[in-house]
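Visitor: In order, the protein sequence lines correspond to chains A and B. Going by the numbering used here, the first sequence opens with residue 1, and the numbers climb by one from there. Going by the numbering used here, the second sequence opens with residue 394, and the numbers climb by one from there.
Hints listed in this document are in silico derivations from the structure and should not be mistaken for laboratory results. Watch out, some of these pointers could steer you wrong.
What the hints assert, rightly or not - Sample of chain A residues with no beta-carbon within 12 angstroms of chain B, all distances over it, derived: (1) ASP23; (2) VAL40; (3) TYR109; (4) GLY131; (5) LYS160; (6) HIS163; (7) GLU186; (8) PRO190; (9) ARG203; (10) THR206; (11) GLU222; (12) ARG239; (13) GLN250; (14) LEU323.
As the list claims (entries may be wrong) - Restricting the straight-line Cα-Cα distance to at most 30 angstroms, the calculated cross-link-like pairs of lysine-lysine (DSS-like) are: (15) A:LYS30 to A:LYS16; (16) A:LYS170 to B:LYS600; (17) B:LYS587 to B:LYS451; (18) B:LYS451 to A:LYS195; (19) B:LYS587 to A:LYS204; (20) B:LYS475 to B:LYS543; (21) B:LYS600 to A:LYS195; (22) A:LYS304 to B:LYS543; (23) B:LYS533 to B:LYS587; (24) A:LYS170 to B:LYS475; (25) B:LYS396 to A:LYS195; (26) B:LYS475 to A:LYS168; (27) B:LYS396 to A:LYS204; (28) A:LYS89 to A:LYS68; (29) A:LYS168 to A:LYS20.
Glycine included, each C-beta is placed from N, C-alpha and C at the ideal position.
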Amino acid sequence: MTMDTQTFSYIFELIKIIMKSGDMRKDIEKFFILLREQFVFDNVAVYIEDELTNTLEIVHARAVGRAKHAEADAAWGETFAGHVFSKGKLQIQEPESGVAIDNRLQQAYLLGIPLRANGKVNGALVFVRFGGPAYEDGHISVASVGAQLLSIMLERTSWKETHGELNKLKQQMQLQNDFVSTISHELRTPLGFIKGYSTSLLRKDTSWDQETQNEFLTIIDEEADRLSLLIENVLESARLQSRTLPLRFQALRVDAVLRDVVTRIRSRYKDLDVSLDANPTPPIQGDGVRIAQVFENLFTNAIKYAPGAPVIIILQQVGQNLLVSFMDRGPGIPQESLHLIFERFYRVRSDKAAGTGLGLYICKQIIEAHRGKIWAESPPQQGTTFFIELPIN
Amino acid sequence: MAKRILIVDDEPRYLRLLEANLRTEGYEVVTAQDGAQAVDVFSNQPIDLVLMDVMMPKLDGFGATQRIREFSAIPIIILTAKGDEQDRVRGLDLGADDYLVKPFSATELLARVRAVLRRAQPPGGDVGGQSRFFTHDNLKIDFARAEVWKGELPISLSATEYRLLLQFAHHVGKIMSSEELLTSVWGPEYRTDKEILWVSIARLRQKLEDDAHSPKHIVTRSGLGYLMPPIEE
Chain A
1 MTMDTQTFSY IFELIKIIMK SGDMRKDIEK FFILLREQFV FDNVAVYIED
51 ELTNTLEIVH ARAVGRAKHA EADAAWGETF AGHVFSKGKL QIQEPESGVA
101 IDNRLQQAYL LGIPLRANGK VNGALVFVRF GGPAYEDGHI SVASVGAQLL
151 SIMLERTSWK ETHGELNKLK QQMQLQNDFV STISHELRTP LGFIKGYSTS
201 LLRKDTSWDQ ETQNEFLTII DEEADRLSLL IENVLESARL QSRTLPLRFQ
251 ALRVDAVLRD VVTRIRSRYK DLDVSLDANP TPPIQGDGVR IAQVFENLFT
301 NAIKYAPGAP VIIILQQVGQ NLLVSFMDRG PGIPQESLHL IFERFYRVRS
351 DKAAGTGLGL YICKQIIEAH RGKIWAESPP QQGTTFFIEL PIN
Chain B
394 MAKRILIVDD EPRYLRLLEA NLRTEGYEVV TAQDGAQAVD VFSNQPIDLV
444 LMDVMMPKLD GFGATQRIRE FSAIPIIILT AKGDEQDRVR GLDLGADDYL
494 VKPFSATELL ARVRAVLRRA QPPGGDVGGQ SRFFTHDNLK IDFARAEVWK
544 GELPISLSAT EYRLLLQFAH HVGKIMSSEE LLTSVWGPEY RTDKEILWVS
594 IARLRQKLED DAHSPKHIVT RSGLGYLMPP IEE
């Protein structure tokens with residue numbers, strides 16, 4: 001048998017639909033509309049096996065002909081689909097003779113074709129004609145080609161889904177691996193200084209002058225502090241991440257929190273020039289300890305990276321949000337680092353024992369747990385401003 | 394004369410630690426804070442040994458080691474915070490002479506430096522490095538920056554093309570078989586894949602030769618292989 005051009009281009013059009021990678025539901029719809037040009041039916045239903053329960057689930061059903069308005073009353077071949085599925089063979093079921101000819105909806109001609117994936121029957125495609133005509137060989141061939149193509153389409157879709165899930169899993173594992181390798185590097189760095197400088201002092205073949213000894217001992221001391229802070233911060237940020245650090249939300253006056261923090265900071269750093277402009281604002285729902293922690297962290301950074309520079313804090317209400325601007329007139333943050341400073345373990349390298357690279361990351365986690373936003377701006381020669389936006393409701 | 398050691402690390406406290414200890418042993422010390430800076434410092438003054446950290450911005454320690462190895466046999470010790478086997482093997486394969494896993498003790502560091510310097514000492518005296526630049530007629534290669542010029546014109550090569558060109562530049566006058574070139578540039582599993590070599594040589598000639606049909610830099614020796622012929626004075 002040779003295929004005529006018309007049949008060839010018809011099958012080609014069907015294949016084009018199944019090879020599309022768009023919205024599967026829309027593609028199935030288009031596929032049946034096109035199939036119906038060569039193979040007439042009133043209802044069509046696609047059943048696929050649910051692997052967990054081993055029962056057939058309906059995944060697509062359309063009434064396109066005589067039963068368009070019959071809603072749930074017309075036949076959809078549910079039981080019949082079960083036979084097709086369990087036998088794994090094409091089945092035909094015609095109405096018993098003697099049923100009233102005047103109601104066509106009572107006269108369902110069913111054609112069922114098994115669907116396969118991976119060489120295994122995994123569902124059934126059921127066509128219904130109300131009041132005939134009976135299915136002839138030519139029709140059955142077209143419907144069988146349709147069922148094969150539909151199987152391919154469904155299998156492709158399930159592969160795509162699996163592929164997407166695997167990719168997501170892979171990304172998660174990558175993040176996990178990166179985290180483990182970064183953390184071991186971060187922990188090893190202070191440990192490396194402690195080991196290196198202490199073994200230097202212990203060298204028997206050389207003697208260090210008093211000044212150098214003090215320098216090395218100071219480094220050892222600072223690095224030991226950094227190591228313990230690092231461990232503390234890692235635990236805290238992991239708890240924030242996994243939401244096991246309980247936040248105590250209650251009505252909170254941010255202006256009062258700011259005044260408390262500024263008072264504490266002023267008593268600790270007598271020379272620091274701090275000005276606070278905070279009129280009373282409506283309360284937010286927040287955890288006072290954590291919000292205070294964020295401001296203290298910003299102070300620590302300002303003292304570390306902008307030593308001697310005045311700090312200006314302004315609290316204002318902007319629409320349904322509170323906006324805190326935390327400004328210093330220090331050397332600023334390089335533009336290329338600005339988008340990285342809230343990342344876990346990112347820190348600007350400096351000669352001093354810098355922080356853990358977790359401070360701003362923890363600030364961000366706390367603010368986001370309050371459904372707020374934190375960001376920084378640092379125009380050249382104008383210092384740095386951190387902005388914190390917190391919703392009032 | 395005092396040996397001069399280049400130390401490369403992005404942590405100022407590591408630089409200080411290494412420098413303080415090395416100076417007590419009478420070494421001269423120069424420093425660099427990333428791999429790119431290291432290659433630059435290295436190619437501008439005589440250096441006897443490099444102590445190279447791995448995790449650094451811009452060019453990491455592995456990349457810098459590889460770059461330096463393209464034109465010099467200088468002893469290199471890699472300092473790594475990653476102690477796993479894969480990393481140590483990678484460092485050694487790229488041409489490092491030794492590695493030291495952080496944290497390390499000051500005395501062990503100094504012992505490794507002495508050992509590597511002793512091994513590197515040629516019987517005659519000086520540690521001889523190769524030149525940073527290579528020229529072949531109007532073709533010029535800067536190994537330190539991995540840059541290629543044809544006369545005054547900078548040529549942009551793919552990573553594979555550059556590695557292929559290095560094979561010729563490192564073996565001027567020697568006929569290299571297809572198998573040899575494929576193995577060293579693409580890896581042993583490609584050694585029979587002659588067509589990719591043909592395409593790559595054709596593309597390299599398009600970029601480097603004045604007339605790709607009568608090449609001066611990469612010449613075919615039918616049935617034997619390819620070579621970069623020696624330039625007659």
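Visitor: Give a verdict on every hint.
Guide: Here is how each hint holds up against the structure:
At the 12 angstroms boundary, the C-beta of ASP23 (chain A) stays outside the reach of chain B, the nearest C-beta of that chain being 40 angstroms off. Here VAL40 (chain A) stays apart from chain B, with its beta-carbon at least about 55 angstroms from theirs, past the 12 angstroms limit. At roughly 61 angstroms from the closest C-beta of chain B, the C-beta of TYR109 (chain A) stays outside 12 angstroms, upholding its exclusion from the interface. GLY131 (chain A), annotated as away from the interface, keeps every beta carbon of chain B farther than 12 angstroms; the closest lies near 66 angstroms.
At the 12 angstroms boundary, the C-beta of LYS160 (chain A) stays outside the reach of chain B, the nearest C-beta of that chain being 32 angstroms off. HIS163 (chain A), annotated as away from the interface, keeps every beta carbon of chain B farther than 12 angstroms; the closest lies near 27 angstroms. Residue placement check: GLU186 (chain A) does not keep its beta carbon more than 12 angstroms from all beta carbons of chain B (closest about 9 angstroms). At the 12 angstroms boundary, the C-beta of PRO190 (chain A) falls inside the reach of chain B, the nearest C-beta of that chain being 9 angstroms off.
Separation of ARG203 (chain A) from chain B is inadequate, the least Cβ-Cβ distance of about 6 angstroms not exceeding the 12 angstroms criterion. A Cβ of chain B approaches the Cβ of THR206 (chain A) within 12 angstroms, the least distance being about 4 angstroms, so the stated non-interface status is violated. The non-interface label for GLU222 (chain A) is inconsistent with chain B: the shortest C-beta to C-beta separation is roughly 9 angstroms, within 12 angstroms. Listed as a non-interface residue, ARG239 (chain A) keeps its Cβ farther than 12 angstroms from every Cβ of chain B; the least gap is roughly 26 angstroms.
For GLN250 (chain A), the condition that its CB be more than 12 angstroms from all CB atoms of chain B holds, with the nearest at approximately 43 angstroms. Non-interface status of LEU323 (chain A) relative to chain B is upheld: no Cβ of that chain comes within 12 angstroms, the nearest being about 34 angstroms off. At most 30 angstroms may separate the alpha-carbon atoms for a hinted pair to count; LYS30 (chain A) and LYS16 (chain A) meet this at roughly 11 angstroms. Simply put, LYS170 (chain A) and LYS600 (chain B) have alpha-carbon atoms about 41 angstroms apart, too far for the 30 angstroms limit, and the pair is violated.
At most 30 angstroms may separate the alpha-carbon atoms for a hinted pair to count; LYS587 (chain B) and LYS451 (chain B) exceed this at roughly 35 angstroms. Distance hint between LYS451 (chain B) and LYS195 (chain A) is fulfilled; the C-alpha atoms sit about 27 angstroms from each other, no more than 30 angstroms. Between LYS587 (chain B) and LYS204 (chain A), the direct Cα distance comes to roughly 61 angstroms. Violation of the 30 angstroms bound is thereby established for this hinted pair. A distance of roughly 41 angstroms separates the Cα atoms of LYS475 (chain B) and LYS543 (chain B); the hinted pair therefore is violated under the 30 angstroms criterion.
For the given pair, LYS600 (chain B) sits about 53 angstroms from LYS195 (chain A) by alpha-carbon distance, which is inconsistent with the 30 angstroms threshold. About 51 angstroms separates the Cα atoms of LYS304 (chain A) and LYS543 (chain B), which puts this hinted pair outside 30 angstroms; it is violated. With a C-alpha separation of about 27 angstroms, the suggested pair LYS533 (chain B) and LYS587 (chain B) falls inside the 30 angstroms cut-off, and the hint holds. Our distance criterion of 30 angstroms between C-alpha atoms is met by LYS170 (chain A) and LYS475 (chain B), whose separation comes to about 23 angstroms.
Taking the CA atoms of LYS396 (chain B) and LYS195 (chain A), the gap is about 26 angstroms. The hint holds against a cut of 30 angstroms. With a CA separation close to 27 angstroms, the supplied pair LYS475 (chain B) and LYS168 (chain A) stays within the 30 angstroms bound. With a C-alpha separation of about 23 angstroms, the suggested pair LYS396 (chain B) and LYS204 (chain A) falls inside the 30 angstroms cut-off, and the hint holds. About 28 angstroms separates the Cα atoms of LYS89 (chain A) and LYS68 (chain A), which keeps this hinted pair within 30 angstroms; it holds.
About 23 angstroms separates the Cα atoms of LYS168 (chain A) and LYS20 (chain A), which keeps this hinted pair within 30 angstroms; it holds.
Checked against the numbered hints above, the structure breaks hints 7, 8, 9, 10, 11, 16, 17, 19, 20, 21 and 22 and satisfies the rest.
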